[in-house]
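Taken in order, these protein sequences are the chains called A and B.
Going by this note's numbering, the first residue of the first sequence is number 1, and it counts up by one from there.
Going by this note's numbering, the first residue of the second sequence is number 1001, and it counts up by one from there.
Worth flagging that the hints you see were computed from the coordinates, not collected in a lab.
What you were told as hints is all true, and nothing was included just to trick you.
Partner residues aside, some chain A positions facing chain B, computed with beta carbon under 7 Å: (1) Pro34; (2) Leu123; (3) Pro136; (4) Thr140.
DSS-like, lysine-lysine: derived pairs with alpha carbons at most 30 Å apart: (5) Lys175(A) to Lys1286(B); (6) Lys69(A) to Lys46(A); (7) Lys111(A) to Lys1286(B); (8) Lys175(A) to Lys111(A); (9) Lys69(A) to Lys53(A).
Just so it is clear, the structure is predicted and the values come from calculations on it, not from any experiment.
Backbone N, C-alpha and C define an ideal beta-carbon position, used for all residues, glycine too.
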Amino acid sequence: MKLPGVSEFSWRDVATEARLLLIGIPVLLWTMIPIYHMFLFAISPKEDAFSGKLWPDHPTLHNFEIVFKQQHYFLRDFYVQFWNSVVIAAAVGALTLVIATAAAFAISRLKVPGGRMVLNLALFTYFIPAAFLAVPMYRTMGNYGLLNNHWSLILAMVTIASPYAIWVLKQASDKLPVELDEAAVMDGATTLQIFRLVYLPLMMPSLVAIGTYAVLLAWNEYLYAFLLLSNDQEITLPVALGNFLAADDSPWELLMTTGFIYALPPAAVYYAFRRYMVGGLTAGAVKS
Amino acid sequence: MAITLSGDQSIPAPPLSSRLTPAQVWGIVLLAPYLLVFLAFVVYPVCYGLWLARAPSNYVALYNDPIFARAAVNTLIFLVIGINIKMLIALFLSGFFAQQRTWIRWLSVIFILPWAVPSIPTILSVRFMLNPEWGMINHLIFSLTGDDGPNWLNDPTVALSMAIAVHIWKSLPFWTLILITGRLAISHDLFEAAEVDGASWWQKFRFITWPSMQTLYITCTLLSMIWTLGDFNSVYLLTGGGPADLTHVLSTLGIRYLRLDQLSLAMASIVCAMPFVLPLVYFMMKRLSR
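With the hints as constraints, model all of the structure from the sequences given.
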């Protein structure tokens, strides 16, 4: 007799579950090992880190103390560099949002002449491989006299983030009913009022997704930062991390500790805004 | 400009301001910031770069540089092998993650991490794991077999394979996510009907899943090709192009020439990839702007 509320035991379900676990466990290991290894270094004294143990004999937070107290010459400018990363990511997020929202509104809602063409130009940029654009961009920033200035990295990242941002925001704007704009015009609203009072509030979820995308892109960027900035006081954290490798006896445990600290904010931001990101970004990336 | 009527009569066009509605004037104003960015940081650099790479001597120099030939071959291997492995795994895993299980939902939350966290600390972490003397992997091999493991990054073939693995590690979550979206869009009724008819999982995949996802899969593969060409981090942070400059791909090679102050060679090496990139870009733009 079957008891109510107790599901029937079935070998078939067990077999299915086992097959899924057979996929799930390798996926978990594959995903986590490099990240776990980074964390392991961060909590290991130097001897343990280099011994290849899977868990240190004496886990310690000493490495974090060294980083936060800047007790190593590679870490002299840790706070300045961390702050540079914050400022640049925030500026890229804000500037991308302003530029892309304005462009998407103009193309999608105002039907500005030539808007279609601008969208295609933006898509074209989106499809230039990032490392390919970096070569002429480096020289251009030199010509503009912006090398070693935070603006060079900010403007470069805005250039890279905007096309996708415009594309996603334009897709989202097209879904808003035209009647809203028409009703607002009837009520005597000016274009700017429509933008501020009707358009922006309705676009909020997409704006959060795009803002997060631009901030993460700028925070995580290595190549452009490494090309455009070189002064110890001006560089961002990833460039500083790259510079750790310059020494023959690189302090790997400190490198991994700093890297772990640097990787935490994007992971936190991603999880905080995951709901918006997945919907907003994948909808724009793939129009099937 | 004048509007031509039938015959040779023509009337002058009204001035621009009266042909545009106030909304359109605002449109132009709002579009201007992006256009400025585009002109200053895309059009000007690209034109300037092409101008720098114009001399045929650059291409002769590239042709005679064995590192360039090697980088071109490596790029091709990276694209053909790396992307196909990555996209096939993504297609497979999209089916796995589409299963309704609590633990699979939790795993999908963790699975996204490589894409969300920055490249530099994670790729350097892999680099240390592969260190022949101190790395975790060779320690494991030694404790399991008693033999020394391979010197992972010292053999160009192995090192390039590891760079491809790192690339897959980093970008697999994104493509899996996109393919899950595609899979979830397929009507569930189709699968139920197939199950009633007693279809095997392969038949379900072959006759329902694949036909519905084919276009998406191909688009993703092409887009992934373009982005992989621009992936500098996987190779540079893992091998630095070494050993002996044998693992360069076009993106790291361009930057290498740039660091050696040979900007026209850097541009020329990128121009060499254009006959390959431009048809891809053209196809993607057509596909997306339909």
